[in-house]
Amino acid sequence: MGADKYILRVEDIHKAYGDREVLKGVSFNVRKGETKVFIGPSGTGKSTLLRCINQLTLPDQGRVFLNDEEVTNSGTRINYFRQKIGMVFQNFYLFDHLTAVRNVEVALLKVKKMDAAAAREKALEELRRVGMEDWADHYPAELSGGQAQRVSIARALAMDPDVILFDEPTSALDPELTREVLEVMKNLARQGMTMLVVTHEMSFALSVANEILFMEHGKIIERGTPAQVREDPSFERMRKFIGKFADFGEGSGKEDD
Amino acid sequence: MTDVSAFIVQTLLYLAPGIVVTLSLVIVSILLGLLMGVPMAVGQVYGPKPLRALIGVYVWIFRGLPNLVLLFLFFFGIFPILGITDDPFVVAATVLGLRSGAYQSQIFRGAIQSIGEGQMTAARSLGMSTPQAIRHIILPQALRIALPGWSNEYPILLTDSAVCYAIGVAEILAKSYQLVSRTAEPMAIFLIAAVIYILLNYGGMRLFAQIEKKISIPGFGKGAL
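If you read the sequences in order, they're chains A and B.
Following our numbering, the numbering of the first sequence begins with 161 at its first residue and continues without gaps.
Following our numbering, the numbering of the second sequence begins with 212 at its first residue and continues without gaps.
No wet-lab data here; the hints were simulated from the structure.
A virtual CB, placed ideally from N, CA and C, is assigned to each residue, including glycine.
Be aware that one or more of the hints could be misleading.
Just the calculated beta-carbon pair ranges, DEER-fashion [stated by the list, open to error]: (1) A/301 to B/292: 22 to 28 Å; (2) A/278 to B/430: 26 to 32 Å; (3) A/220 to B/426: 51 to 57 Å; (4) A/202 to B/341: 26 to 32 Å; (5) A/180 to B/268: 35 to 41 Å; (6) A/180 to B/414: 56 to 62 Å; (7) B/430 to A/336: 51 to 57 Å; (8) A/391 to B/328: 53 to 59 Å; (9) B/293 to A/285: 46 to 52 Å; (10) A/396 to B/426: 31 to 37 Å; (11) A/332 to B/429: 19 to 25 Å; (12) A/278 to B/292: 40 to 46 Å; (13) A/396 to B/321: 51 to 57 Å.
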């Protein structure tokens with residue numbers, strides 16, 4: 161795969177709920193190994209945008225391509241694309257009746273049709289990757305929010321996706337638990353995972369993102385590298401928005417809300 | 212004293228085949244109802260509109276008619292016309308089962324609808340089809356949630372089964388009635404019959420409590436979904 165080949169292309173996505181236009185034409189491309197972070201005020205369509213990429217929400221207009229194959233309008237092949245596009249949710253959505261390890265392996269067994277031993281091995285490996293192997297036999301109700309989110313990241317990783325969508329992965333967590341989840345995500349970024357992240361964690365954005373995209377009223381208003389955003393005063397809207405959350409320091413991993 | 216115990220033993224011996232018939236009737240109809248109730252619930256939640264409407268009509272009719280009316284309708288009408296069978300046990304099991312299916316479908320529908328939307332969303336995001344998600348994620352949770360309400364079907368069917376004596380099913384009440392007409396001891400015999408029903412009920416309650424305990428999952432179904 162060439163270095164300048166896009167793994168994901170998102171073209172002119174529109175979505176309206178009745179009269180309310182949530183997305184008004186959003187386009188961007190993602191290269192393998194990139195981390196793109198979407199920031200912006202609540203209700204500006206960031207989460208809807210992620211859900212349009214894996215078609216959990218059907219866009220009214222616009223197209224999505226994964227490795228040059230069209231994801232939009234793909235009929236039942238969407239179930240194939242969704243294996244390649246992992247998703248991590250704000251409220252984890254772990255399967256409540258399954259232990260951590262079975263949460264990770266259920267799709268390997270039922271979707272990928274792996275045999276039981278191989279699926280178990282893979283699931284334990286992914287739990288190890290997020291530091292949750294000691295909790296493999298615990299049910300979701302027995303886990304803290306941070307632990308549950310790490311299991312849900314392992315669940316997404318187990319499918320060997322080309323890209324993972326993170327929909328406000330730490331918004332339901334208190335600061336201490338937020339840190340352990342961000343740590344896992346930073347490691348993934350370092351290991352070359354392609355990630356799209358909607359978040360309010362500005363120091364994560366500034367320290368990990370290859371590009372920060374600022375959305376408002378259903379559109380990408382400004383976009384640039386963390387260095388550009390930090391140093392270039394022309395990123396006026398974004399700088400003002402980030403300034404509300406934190407000082408423009410180095411992304412030390414310490415957040416204050 | 213020996214007279215009394217001899218009377219009780221003789222009565223129980225006479226009623227024993229009736230107990231077998233009653234229990235068979237309850238088990239067959241509860242299973243038939245289960246076989247119908249789960250797919251109907253799934254259809255009502257996830258199916259296309261016409262199917263949902265059709266199931267709604269079915270539930271409306273079978274919950275809306277008295278047991279005895281349905282039994283007579285099927286025993287004297289529908290079964291003879293279709294020439295299926297004139298075995299009263301088969302008719303009774305069918306009617307109780309069809310009716311229980313209507314009730315059970317609504318128990319399961321409520322349980323499915325109580326499961327957070329996120330479970331389906333997460334399953335679909337992993338590449339499961341809707342049927343796969345229903346089978347592997349939604350139903351295992353819904354059936355657990357449904358169990359306490361569903362176990363009501365046992366005492367309901369057990370008590371309802373007594374009505375089937377009206378079409379000649381040789382169950383506990385029918386056998387008791389036969390014995391009363393022979394011995395002229397209605398109080399004693401119906402009392403024994405009543406005790407049998409209560410004990411059968413108790414046994415079922417214990418069984419369902421065991422099952423509930425066995426399939427329970429830590430922290431699941433405690434309202435903290």
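I want to verify a distance hint. Is the separation of the beta carbons of residue 180 of chain A and residue 414 of chain B within 56 to 62 Å? holds (58 Å)
Measuring from beta carbon to beta carbon, are residue 332 of chain A and residue 429 of chain B in 19 to 25 Å? About 21 Å separates the Cβ atoms of residue 332 of chain A and residue 429 of chain B, which means 19 to 25 Å holds.
Could one say that the CB atoms of residue 396 of chain A and residue 426 of chain B fall in the range 31 to 37 Å? violated (59 Å)
Kindly confirm whether 53 to 59 Å is satisfied by the beta carbon distance between residue 391 of chain A and residue 328 of chain B. violated (43 Å)
When you take the CB atoms of residue 180 of chain A and residue 268 of chain B, is the distance between them in 35 to 41 Å? Between residue 180 of chain A and residue 268 of chain B, where Cβ atoms are some 37 Å apart, the hint holds.
Has the hinted range 26 to 32 Å been met by the Cβ atoms of residue 202 of chain A and residue 341 of chain B? holds (30 Å)
Is the gap between the beta carbons of residue 430 of chain B and residue 336 of chain A within 51 to 57 Å? Cβ of residue 430 of chain B to Cβ of residue 336 of chain A: about 21 Å, so the range 51 to 57 Å is violated.
Does the Cβ-Cβ separation between residue 301 of chain A and residue 292 of chain B fall within 22 to 28 Å? Between residue 301 of chain A and residue 292 of chain B, where Cβ atoms are some 54 Å apart, the hint is violated.
Confirm or reject the claim that residue 220 of chain A and residue 426 of chain B have a C-beta distance inside 51 to 57 Å. violated (44 Å)
Determine whether the Cβ-Cβ distance between residue 396 of chain A and residue 321 of chain B falls within the hinted range of 51 to 57 Å. holds (53 Å)
Distance restraint evaluation - residue 293 of chain B, residue 285 of chain A, Cβ atoms, bounds 46 to 52 Å: At 59 Å between Cβs, range violated.
Cβ distance range 26 to 32 Å for residue 278 of chain A and residue 430 of chain B, holds or violated: Since residue 278 of chain A and residue 430 of chain B have Cβ atoms about 29 Å apart, the given range 26 to 32 Å holds.
Going through the hint list in order, the structure does not satisfy hints 1, 3, 7, 8, 9, 10, 12.
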